[in-house]
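Each chain is listed here by its residues.
There are 4 protein chains.
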Amino acid sequence: MIVVMEAGATEEQIQSVIDRLVALDFSVHRSTGVVHTVLGGVGPEAAVDPVDFKVLDGVKDCFPIMSPYKLASRHFKPGGTVVDFGKVQIGGNAVVVMAGPCSVESEAQIQASAEAVVRAGARFIRGGAFKPRSSPYSFQGLGEPGLKLLRKAADAHQLLVVSEVMDQTQISVMEDYVDLLQVGARNMQNFNLLRELGRSRRPVLLKRGISATIEELLLSAEYILSGGNYNLILCERGIRTFESYTRNTMDISAIPVVKKLSHLPIVADPSHGTGRRDQVIPMARAAVAAGADGLIVEVHPDPDRARSDGAQSLYPEQFAELMRQLALIAQAVARTV
Amino acid sequence: MIVVMEAGATEEQIQSVIDRLVALDFSVHRSTGVVHTVLGGVGPEAAVDPVDFKVLDGVKDCFPIMSPYKLASRHFKPGGTVVDFGKVQIGGNAVVVMAGPCSVESEAQIQASAEAVVRAGARFIRGGAFKPRSSPYSFQGLGEPGLKLLRKAADAHQLLVVSEVMDQTQISVMEDYVDLLQVGARNMQNFNLLRELGRSRRPVLLKRGISATIEELLLSAEYILSGGNYNLILCERGIRTFESYTRNTMDISAIPVVKKLSHLPIVADPSHGTGRRDQVIPMARAAVAAGADGLIVEVHPDPDRARSDGAQSLYPEQFAELMRQLALIAQAVARTV
Amino acid sequence: MIVVMEAGATEEQIQSVIDRLVALDFSVHRSTGVVHTVLGGVGPEAAVDPVDFKVLDGVKDCFPIMSPYKLASRHFKPGGTVVDFGKVQIGGNAVVVMAGPCSVESEAQIQASAEAVVRAGARFIRGGAFKPRSSPYSFQGLGEPGLKLLRKAADAHQLLVVSEVMDQTQISVMEDYVDLLQVGARNMQNFNLLRELGRSRRPVLLKRGISATIEELLLSAEYILSGGNYNLILCERGIRTFESYTRNTMDISAIPVVKKLSHLPIVADPSHGTGRRDQVIPMARAAVAAGADGLIVEVHPDPDRARSDGAQSLYPEQFAELMRQLALIAQAVARTV
Amino acid sequence: MIVVMEAGATEEQIQSVIDRLVALDFSVHRSTGVVHTVLGGVGPEAAVDPVDFKVLDGVKDCFPIMSPYKLASRHFKPGGTVVDFGKVQIGGNAVVVMAGPCSVESEAQIQASAEAVVRAGARFIRGGAFKPRSSPYSFQGLGEPGLKLLRKAADAHQLLVVSEVMDQTQISVMEDYVDLLQVGARNMQNFNLLRELGRSRRPVLLKRGISATIEELLLSAEYILSGGNYNLILCERGIRTFESYTRNTMDISAIPVVKKLSHLPIVADPSHGTGRRDQVIPMARAAVAAGADGLIVEVHPDPDRARSDGAQSLYPEQFAELMRQLALIAQAVARTV
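Protein chains in written order, with this note's numbering: chain A, 43 to 379; chain B, 43 to 379; chain C, 43 to 379; chain D, 43 to 379.
Derived by calculation from the structure, the hints in this document are not laboratory data.
Don't take each hint at face value.
Where chains are identical, the list cannot tell them apart; a pair therefore holds if satisfied intra-copy or between any two copies.
Only pairs whose alpha carbons sit at most 27 Å apart, straight line, appear in this in silico DSS-like list of lysine-lysine [what the hints assert, rightly or not]: (1) K190 x K112; (2) K302 x K102; (3) K112 x K302; (4) K194 x K112; (5) K194 x K119; (6) K190 x K96; (7) K96 x K112; (8) K190 x K301; (9) K129 x K119; (10) K119 x K102; (11) K119 x K96; (12) K129 x K102; (13) K301 x K102.
The task is simple: from the sequences and hints, build the whole structure.
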């Protein structure tokens, strides 16, 4: 912890900060400059909030030295994490594509989806059975029967399954059907859910909240990792900004930043990242060009009749075209699809 | 639903939009202008997402006519809602102040808090027993024993109790101890929790998420109202912006906006809204001057030793001074404290 | 400058950072921790960008010690600045209100405006002659003839004049008519304009840009102060956020923050801060309750026919009512209007 | 213009809105629904601000039908604009790269820069002579002597020149040395500058402001186009968001959005978009993958000694590597570099 005193801070103010650091078990090194006195404290930083010092009299600023996360940091596993699903690995050389409808709606719909996405080269089928919806009047998902249909469609097409878990009471039922448990953006800081997922051994896909900093994403990852579940994949899916033409602003730069700060794989969701079908393809290409380990994309056999997210779902032929383009982009960054 | 076609949209594109509206049970009125054709659709708007139309070929823009929320709208109850706690009402003429520590830490601490806040004029004591914390390594609250201490301190000082419920599994235990169930900002879109709170009859304090629009806040309110629980109070507690000097940017203008759009009472939380003790007092005054129905403020008998949020907790004497200032501000807006 | 090395930084990386600091004339103090090595550099910080160090190999983070502004800091003039206009002072005990139409439109309009605002208690009349408009097709102002009408109306009603200067070529003509030169939000970082205003001795009202941090506002103030013009007043007028119900989000908390960081007076503009007439009055009250030294408010004798900003202009009777409310709020914070 | 009345709006309120529309020369079509009355107005929309109607009594919302810009819209020139520089075209099949240092510092520096960028395949050299700097104490550029050095270096290496013009008084001197006049992000709404550039026939590169919506960018483009200068190129260079790890958040999705809404070419600036050298290469790849017509990249022969923007300047060998990668990415989107 570094505390910078204001120009003109009194000796009493300085001493009071030192006393407080010492009381918190920090060793303090004092450096008296012409203008500013700087205090360096070595101690239990994780237990202290820098703002507690920023508001003290005579303090100009306070900076942490340690990262607030440890297990999620690149330093913890410099070589990077590969999450292994048997025939498929995420975090390795291949860019892995997960695709399918927003919601499971019917057996015919999910079978047609599976057929379309496997043919184009996807390795996972996505589809929601429990849907978080802004309005109580919107379609809320089929629940467990939806999961059954999803699993059946996946098995029939040799696909893996990714689907969203909305709270900790759903984890055990989800584990019966799902290969990769998705935590939605709105739940990125549902800490009870994260803690329970840390106790699971099923791989988890943790989506960045629309107003979460990258540091907060890594802290939420730390909840899961600290429970002992290392099968963790992060996902960039757009942040909220003032620009309203797209539903969110996809923060493509988060991809190389996460790669630098953490060992965890990161995939991108250009469907929620943009909210508009006509932006999904260019943003999917951009994500892979920036180094994403995979994509999760909404594809629907009949987007015009989708019960949710139709506007951002690709038509099957658009998805097939996207996969052809991705193969070339992947090559340009020395990867495969 | 209003659909504006692009300049130069073809007859085929226009017809295709009309067909789609009709298929969704809309009656369509077409208005052919020199530049733009405009389609007005009357039908089941709540079931349709305008973006589904925005992405169609030849469509320039699409606007809803209806509000997405109904029960939360001012129109539903023009006179405004007053939530009644017996001796205290929120939404009436009096500005109601809730105060206390971030977390319940010990019996001595919560008793001292209750003593300090009641003496200065607060009507509720606040205090967390289940704490949502960004880091898994931070203090997570005392749990149910904390609730017991909180209730005891409140009863000893004739205070009401407000405390945060983190997920739906905690509702029934919370109901045993708490008069007002607080939904934290991170849970504003935890829809399973909202739905269960709609089934409770205990009053709820719903905090705005740090990146939630006012419309989203009212949609979350709609979840609770549509379950039949009308004892609902909203809370502005700061939004996330680019400015980093304060932890959040308190959106004071949300107070008069909510008053205009909704019949629900709204209180303000200047502690989380600013994150800094030295900003709490001016922002508390500003919130009341802007028309807030109440405040929820962090006060700690010894903020320098608080286990959480010390930096934004007022010293008891600061709180007493704030209450004196609020009395004058309330008078200026023809209210009492 | 404090440089924190990454956990696992090599000795070579550390030495390379030290060498670079020394080459830039910094004295370096090295502190080797169990996890992180920290380097403290004392030297010409103002000339160095911390990001230059953040991107070096093995560097985790880099923090400045000094403020990037000096003349604008509270420390430079702890007692605070009062800008003196003879009969009126800004920054003293009285809250000073400036009011008038967005644009000068005609002699009748500006005379009626002056009449209305002086009667209610304003001390300055505002009115634009050179208008920055987002669209090239909007009314761009009357130019110098507008300034003449504005001066005439002010003199007839013993008011001072505040009006916007759009670029440095307009300064000398503005000085003939205007008591307070307003720099609009879009020009907060028009550095050529700021530099020229530093050479003027006419008081300047510097508005915060809609995406400017408080630090950037103070750096822009530094441009004017460093030219020798100390007659400077800052203005909060709303920042751009994701919330779109109001045109901008008025950052009321900027008022106490600026008061803490700087000696300069700060006023608030609730008209641009909200963009909606129905929000102006509560936000004006909130700004004064938070400690603003003054207000600048749009008032038009006939807002429904205003050539610009009609939606955010008060009717004269609304303004008179606002002034009555402000008198009470000012009293609550021990000031006068 | 579409005006949606509130549920429960009175006949008097409705009539008052109709009267006002008619007074503004709109023809009004009224549609009375079960809940909401909707008024469609056909008339001089460009002259009316929808907010003027939003604040009227009984009005729920108001939507424009027309785009506020015309000459900048895709509809105006469906085939797209190609800006022709003789041997180089921007907006055609080839992705054009502009590169060079932030500032011209010395003859040796700019000659070395030109040498490095031309060898790797750039077609333009960039370099600032007039520098907008947040702090008055930072290096402000060499001025006209810098332009001379820049032109000389460009001519010696068959490069075109792009450089920033800070205000309208500099246009004529810039025209003597520069092939493409850059308008910086801070000047995107310096309307006097835009208007004068509309009178020039020199091509202009207009950068998006850090808090400008895409619509505002196109309105600023409209200023230049409406003056008769059609040689216009847009540039995405990052927007300001809450994420602070990168200096700005590069809005890659703005590239396909601009392509859809406008006929103007768009290039990307990954250097300012990220502020960090280690993010420039992945974001440059992403921009081209998303469809950018070109890039403007900071490259310095010795970034560690750059007088400005060193942290985001590539080393010459990094730039050469980037150009190799871009050739592959361009191929994947059926373009060349």
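Against the structure, the hints come out as follows:
no. : hint        : verdict
1   : K190 x K112 : neither (38 Å within a copy, 35 Å between copies)
2   : K302 x K102 : between (30 Å within a copy, 11 Å between copies)
3   : K112 x K302 : within (14 Å within a copy, 35 Å between copies)
4   : K194 x K112 : neither (39 Å within a copy, 39 Å between copies)
5   : K194 x K119 : neither (36 Å within a copy, 48 Å between copies)
6   : K190 x K96  : neither (53 Å within a copy, 33 Å between copies)
7   : K96 x K112  : both (24 Å within a copy, 20 Å between copies)
8   : K190 x K301 : neither (35 Å within a copy, 42 Å between copies)
9   : K129 x K119 : within (23 Å within a copy, 50 Å between copies)
10  : K119 x K102 : between (36 Å within a copy, 16 Å between copies)
11  : K119 x K96  : between (33 Å within a copy, 21 Å between copies)
12  : K129 x K102 : neither (55 Å within a copy, 37 Å between copies)
13  : K301 x K102 : between (33 Å within a copy, 14 Å between copies)
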